[in-house]
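Trainee: These protein sequences, in sequence, are chains C and A.
Read in order, the letters of the first sequence correspond to residues 1 to 602 in full-length UniProt numbering.
Read in order, the letters of the second sequence correspond to residues 1 to 602 in full-length UniProt numbering.
Hints may contain errors.
[Unchecked claim] Coverage of chain A stretches by chain C, computed from C-beta distances (three or more under 8 Å per stretch; other residues unrestricted): (1) 4-14; (2) 40-47; (3) 108-117; (4) 182-193; (5) 272-284.
The set of hints was computed from the structure by calculation and includes no laboratory data.
Even for Gly, the Cβ is constructed at its ideal location relative to N, Cα and C.
There are 2 protein chains.
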Amino acid sequence: MSQVFCKFPLYKVTRDLSAVAMGLSPAETVIVNARLVNVATREIEENAGVAVVKGRIAAVGDVRHCIGPETRVIDACGRYLAPGLIDGHIHIESSMLTPCEYARAVIPHGTTAIMPDPHEICNLLGIEGVKFMIEDSKRTPLKAMFTFPSCVPAVEDFEDTGAEITAEDVKQAMQWEEVVGLGEMMNFPGIQYGAEGPHAIVAETLKAGKTVTGHYPSEDARGLNAYLCSGAANCHESVTAEQALLKMRRGMLAFFREGSAWRDLKETANVLKENPTIDTRYASLCSDDTHPETLCSKGHMDHILRRAVEEGIDPLTAIQMTTLNVSANYHLDREMGIVAPGRVADLILIDDLKQFNVSLVLIDGEIVAENGRLLAEVEPPRYERAAVRVMNLDPVKGEDFRIACDKPVQTVRVIEVIGGKSVTRAKTADLTARDGLLHADPARDILKVGVFDRHHNSGRNSFGFVKGFGIGEGAMASTVSHDAHNLIVVGTNDEDMALAANTLIECGGGMAAVKDGKVLAVVPLPIAGLMSDRTAPEMAKVVAALDRAWHDIGCNLPSPFITMALLALACIPELRLTNRGLVDCVRFCFTDLFVGKTDPQN
Amino acid sequence: MSQVFCKFPLYKVTRDLSAVAMGLSPAETVIVNARLVNVATREIEENAGVAVVKGRIAAVGDVRHCIGPETRVIDACGRYLAPGLIDGHIHIESSMLTPCEYARAVIPHGTTAIMPDPHEICNLLGIEGVKFMIEDSKRTPLKAMFTFPSCVPAVEDFEDTGAEITAEDVKQAMQWEEVVGLGEMMNFPGIQYGAEGPHAIVAETLKAGKTVTGHYPSEDARGLNAYLCSGAANCHESVTAEQALLKMRRGMLAFFREGSAWRDLKETANVLKENPTIDTRYASLCSDDTHPETLCSKGHMDHILRRAVEEGIDPLTAIQMTTLNVSANYHLDREMGIVAPGRVADLILIDDLKQFNVSLVLIDGEIVAENGRLLAEVEPPRYERAAVRVMNLDPVKGEDFRIACDKPVQTVRVIEVIGGKSVTRAKTADLTARDGLLHADPARDILKVGVFDRHHNSGRNSFGFVKGFGIGEGAMASTVSHDAHNLIVVGTNDEDMALAANTLIECGGGMAAVKDGKVLAVVPLPIAGLMSDRTAPEMAKVVAALDRAWHDIGCNLPSPFITMALLALACIPELRLTNRGLVDCVRFCFTDLFVGKTDPQN
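Construct all of the structure, not just a fragment, from the sequences and the given hints.
Mentor: If you want it as structure tokens, here you go:
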């Protein structure tokens, strides 16, 4: 394993470890009187212990002979001792926290390693964005084992974006020791139909012997076979038990996902209920995307373990799913995910196997959290704020939002959003022009939407109409807008929309709600318009304030953030607005806002 | 994975594979109407199929759409379709066959990959011996994924041997693409007590990211912890269920061994009987050492599967043990050991899950055996016989075996062998001198034994007495004599002993039985005195003739071969004879043949 994920690589310390195991030199730390969660054999070993030296486990079982006068002895008092929890697929940016603050939030919950895919920031800052994430993650002991983004931009030629990742970039990145694999290969049609780009990108990963991570959101078994031919080792996109089971059967680690917005565990847990005797080594748990308030109120993998057990999964199986099954899938099982000699001493003590209260966390043999409190030292940031600021856009005016119309009544295309779902519906509506302009019609819940290129200040901005947000008066804006993360604004009137936009342009990005010329709430996300360097509790608080503001202006969608963040994502049906225009996401072509105007498809 | 173990590395053919999976281009081969042994989930999938192109699996499940006019369609007619069987720890030399002939013998039994440790020939020819094994193995499609010998010589300074392997050698060998790991690290005391040599050797393996294979034959849990600190990933030395279970619990793949002489499966299978609910991912099956007659009469991994099921192991679990569990342990599970898209098309059809009759074998998508008959092409040998001949020893005479004695009666140390066990007992006996010489005393089953340095013709030869072979008249000789493989001779009289020795010196090594000045039987092993280039059936025949000859001269030991082959192995208690003298294998020092003569320990 790379030296960056341990205190010492095993090959440098085998003699130190064996000396401790033999009782010839004392351990640095010993845990005694624990119930060992043995993920190798799926058993509890009573009255077990662990001896640690040089950041690694030297002995497991009866380890009293490893105690010397200087040894730190931890009495587990019968608590459960398990390997540190691993989140095998996660986008840190969704938490709106920096990697460092994310780590501070999750370590006390027992998470000791994550496999982040920084594809959000990569869309903005390219390789430099990934490097920022890697560097910032080094400020805490959490092992951030990066996967390098595979699909930037997510959809080509439909929008202006900040970066493009090529096979050559992937080839280079696979040499970085902080990179353990390729980020989710979202372009599954490209893999299925033999597109050169995505195949070249997976090829560079396979050539380097690293892990291709997957993204296959379909029921189609034929397509899954074709997708697996890319070498994709895991997938977090199963929303039904059938999807998850088929992946497991085909040797693909199926993540049962439980994120803040994607709550698939209830469904996917049925795999194990309906097939109680199957081998579960290809099942895992992951968060994918977690918002700050979830991290603060519910936790991280401990919360997902709790949920798994609620859904009827055996607790020992659930712990295997978040430890050994993940590390084995990434070929890291000789390093982590199991309490065994030679492995890194990433260990947690858990009070019970139902609530999963994590009372002690060790990483590389050091106590990093106790009773929910972070004890690890956090290094100061090493980045320049300016380097991660992406807001190349001049202030806007109300008149910039104008939609001219030379007819008294115009039929327009309207994007209809559906609460809690990522698909939109393509609708139409007749709008009456005033002063040669088309306006929002809040009474019919038809709002105006604008998307601004914030990468190049190109002036390639576009406007349309959206239905479903329910705002009575005001506007909301966000720079979290997958995957190009251009500035998106929705509102009832041009002046409020301009104010919302300018609020974000000024603070470097984030989310804002505006009404009657007043800013009701703003969540500044100065790092690429995606993340803040505030702490998780601080962010949870400002996000809660924004939530209240959304409701104040009349929005009654659940998680309207996410709905707005997907409004420009041209790879999901049916109708989207990017900064270049309205996209028919069924036919994959631009379409006109005005129905009937030079529209070859109609 | 190395390109040497597949037709094409996956990264070169992902597009070809996905095209077949999608039905856009036809498969080369399709198997339909099979019961798929799904080792990922431990289930049978009824009416399943597999589509193959470029040597790899493109699709699994319903694959009828992958059939084109040129596709070879194999109707499994309801037979079981499983991954090719893998033997994760094996010494080819024990079969007395070349790698090529070994492959010809095992492929029809469903073996598609082996992890050989060529440490026998390495003791004779060093790195060149390993290279010979690698080159010879390339003559057939069997995937010989070598581990590079770690302990040559096995015991230092007690005998003359042909080669020495250093950490620098290991460092070089780890760069060879045919080498997947380090051969069994037998020096477990060296690991436990921090010896520099063995730790440096495992360090070079770990640094290269390859697999350290283990050898831990003890019950001692403390010692196992210390041994595991070397990174050893697996071990084939468990002889009790307790030993095997402890290894599994500590994340070490425990091979349940069933070789020709080491029949540990009956005992080790109890792990699964006594713990029916444990996770079995760290359990496996291997042969370690198999003689030609076993290969011909019983088979290879198919035989061991049959034995496993006889011992009560669930058939699907047993198949997992010989496929996915092994490939995962070597981090080769993305390549083999599972029937899934992207993996190599190493596949077998089995008639049932009790007899395990293998009726069809494919390697890299090509049919290589059918109904027990090898169909694969075998390439001609590429080596010079002279290069692998190791017999640097002039012919001997009867008088060379003389043991002078100046007392009328002398108490001597006698090695007592025990049939079927590797340990010996240190005994003494009073011998009466005749003409100033000590002789064998067949009436008391006390025979003479001599060991000759065959590496350097140094004249460093030694003589002693052995009990337990039961030979009435005659002699037997062998150049298979672990681990230095010097020439060893046991007999009742010096003339027959000289004849037996000279028979082997002349033919380049092997095994011989002699009586009354006549050679009763000889098994020539011209390749390093260890192997023949004859076929397995031919070798089984000559070995059977030798067996009869042993019996003719009165030997009633089971497998006397093996007993004699271990007589010089100074790392096993209690008393051994190497070419340099008698070794007290409890105190690890030389001792004198004559009791009472300058013997500081007594």
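Trainee: Taking the hints in turn, state whether each one holds.
Mentor: Hint check results:
For the region 4-14 of chain A, the stated coverage by chain C holds: 5 residues have a C-beta nearer than 8 Å to a C-beta of that chain, and at least 3 were required. Requiring three or more residues with a Cβ within less than 8 Å of a Cβ of chain C, the coverage given for the region 40-47 of chain A holds, as 5 such residues are present. With a cut-off of 8 Å between beta carbons, the region 108-117 of chain A has 0 residues touching chain C; three or more are needed, and the interface restraint is violated. With 3 residues having a Cβ less than 8 Å from any Cβ of chain C, the region 182-193 of chain A passes the three-residue criterion, so the hint holds.
Three residues within the 8 Å Cβ limit are the bar, and the region 272-284 of chain A against chain C gives 6, so the coverage statement holds.
Hint compliance for this structure: hint 3 alone is broken.
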